[in-house]
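Sequences listed follow chains A and B, in order. Position one of the first sequence corresponds to residue 1 (UniProt numbering), numbered consecutively onward. Position one of the second sequence corresponds to residue 1 (UniProt numbering), numbered consecutively onward.
These are calculated hints, taken from the structure and not from any lab test. In this text, all values refer to a predicted model and were calculated from it rather than measured experimentally. Among the clues, some could well be false.
[What the hints assert, rightly or not] Covered stretches of chain A (chain B as the covering partner; in silico rule of three or more C-beta atoms under 8 Å from a C-beta of chain B):
#, region
1, 101-112
2, 139-146
[Unchecked claim] Only pairs whose alpha carbons sit at most 25 Å apart, straight line, appear in this in silico SDA-like list of lysine to any residue:
#, chain 1, residue 1, chain 2, residue 2
3, A, Lys163, B, Ala107
4, B, Lys22, A, Thr155
5, A, Lys22, A, Lys44
6, A, Lys22, B, Phe142
7, B, Lys163, A, Ala25
8, A, Lys22, B, Ile61
9, A, Lys22, B, Lys22
10, A, Lys22, B, Ala152
11, A, Lys163, A, Asp143
12, A, Lys22, B, Leu162
13, A, Lys22, B, Thr157
14, B, Lys163, A, Phe142
15, A, Lys163, B, Arg117
16, A, Lys163, B, Ala154
17, A, Lys22, B, Arg117
18, B, Lys163, A, His145
19, A, Lys163, B, Thr171
20, A, Lys22, B, Arg95
21, B, Lys22, A, Ala152
22, A, Lys44, A, Thr76
23, A, Lys163, B, Leu137
24, B, Lys22, A, Pro85
25, B, Lys163, A, Thr155
26, A, Lys22, B, Ala139
27, B, Lys163, A, Leu162
28, A, Lys163, B, Phe130
29, A, Lys163, B, Lys163
30, A, Lys163, B, Arg159
31, B, Lys22, A, Ala113
32, B, Lys22, A, Arg118
[Stated by the list, open to error] Sample of chain A residues facing chain B (criterion: CB under 7 Å; computed from the structure):
#, residue
33, Thr38
34, Leu39
35, Phe130
36, Gly149
37, Ile153
38, Ala156
39, Thr157
40, Glu161
All C-beta atoms, glycine included, are put in the ideal place defined by N, C-alpha and C.
2 protein chains.
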Amino acid sequence: MLDLAILGFLYDERLHGYDLRKRIAALTGHVRPIADGTLYPLLKRMEAGGLLTRELEPGQIAAPRHMLSLTAAGRTALLDRLRDPDELYITDENRWFVLLAFLRHLADPPAQAAVLRRRLHFLTQPASFFWDGDRPLRAADFDDHFRQGLFAIATATTRTELKWLRETLVTLSGAGTDQA
Amino acid sequence: MLDLAILGFLYDERLHGYDLRKRIAALTGHVRPIADGTLYPLLKRMEAGGLLTRELEPGQIAAPRHMLSLTAAGRTALLDRLRDPDELYITDENRWFVLLAFLRHLADPPAQAAVLRRRLHFLTQPASFFWDGDRPLRAADFDDHFRQGLFAIATATTRTELKWLRETLVTLSGAGTDQA
DNA sequence: GGAGCATACCTAGACTTCGAGGTATCTCGG
DNA sequence: CCGAGATACCTCGAAGTCTAGGTATGCTCC
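Generate the whole structure from the sequences, applying the supplied hints.
The structure is reproduced here in structure tokens:
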């Protein structure tokens with residue numbers, strides 16, 4: 001998930017690690033930013049894997065910076081990840097939201113395909129949190145305030161996403177200018 | 001996070017692993033249920049740690065079942081976890097939602113404290129996804145449909161939770177019947 | 001001029017969860 | 001009676017992330 005975010009942010013910008021770290025924290029809404037010990041070793045691995053390159057710069061505020069940019073392989077890797085159906089079938093919901101943040105880098109048809117897959121997931125998966133067998137649950141079915149809150153939050157999130165998915169499919173359908 | 005969910009579900013019920021697995025999947029809304037290879041070894045570790053015990057039962061549908069129940073230490077562990085301020089400061093948002101699902105096991109005053117901490121987090125953390133410096137962002141600030149969707153979903157989720165937090169604090173304040 | 005703080009990067013070990021396999025039991029259809 | 005499928009549990013190695021330490025630079029305030 002982290003590597004997807006890194007590829008996404010570097011796709012059209014040149015950033016250094018410290019900056020990247022702040023942007024990732026903002027994107028994922030994490031309470032604490034991701035740990036240094038997570039980000040920097042990953043950047044090294046990605047560099048070793050030929051996905052990005054770094055240039056040392058003097059550093060405008062304090063210590064010298066390692067400015068990072070994607071290689072051609074790195075840009076291809078992002079586009080492949082964005083198109084990959086497996087990115088949806090992941091335990092961590094954050095994964096899909098990170099993907100959403102960078103789906104703009106894909107041309108309409110493959111982006112539409114990703115949105116369609118996501119919608120299909122909602123329609124076919126029972127989403128068992130919201131159902132008791134065939135009966136849709138209501139907040140009143142929970143006898144404590146806490147699960148009622150959890151239910152309200154989950155419902156709001158799902159409803160908003162479904163609404164957006166519907167609108168998006170209408171917008172995207174027909175407008176096919178294949179680039180990626 | 002998984003162990004918190006296990007403690008929560010077993011607090012007032014006796015379940016076997018397979019059932020637990022389905023409930024956890026439903027609770028966290030994970031696309032794929034958690035892997036067997038994750039759950040069963042964890043259950044063994046928790047048993048070795050004295051948090052739960054198992055009894056073998058013949059199995060009503062198929063293979064024999066290992067019925068699990070919490071020990072006194074296990075129940076104490078859950079209450080401690082629910083009260084632990086650190087459970088909020090975790091990168092994974094799921095953590096807080098799992099906690100919310102079982103907060104009913106706490107008496108009012110400590111539950112209220114957890115809710116207060118969560119609200120404080122929203123009010124003090126810049127929540128940088130929603131702000132450009134001091135200016136609140138709007139959907140129109142994003143020039144692609146995908147980030148607009150992401151923004152809409154994040155906004156709906158946050159707004160719903162903040163509304164619930166406000167209501168809950170009104171409900172809980174004053175009603176102090178200390179049990180846990 | 002030195003203490004404190006933000007910037008900027010790094011290492012090593014540990015923990016959690018995943019992925020890909022495997023075994024055994026029971027029911028039901030053919 | 002045998003194969004398919006759901007139930008129910010298990011092992012082992014790999015991947016991803018965290019925790020807890022560390023180094024070095026430049027600014028600001030006293």
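- Structure versus earlier hints - violations, ascending order: 3, 8, 9, 11, 15, 19, 31, 33, 34 and 35
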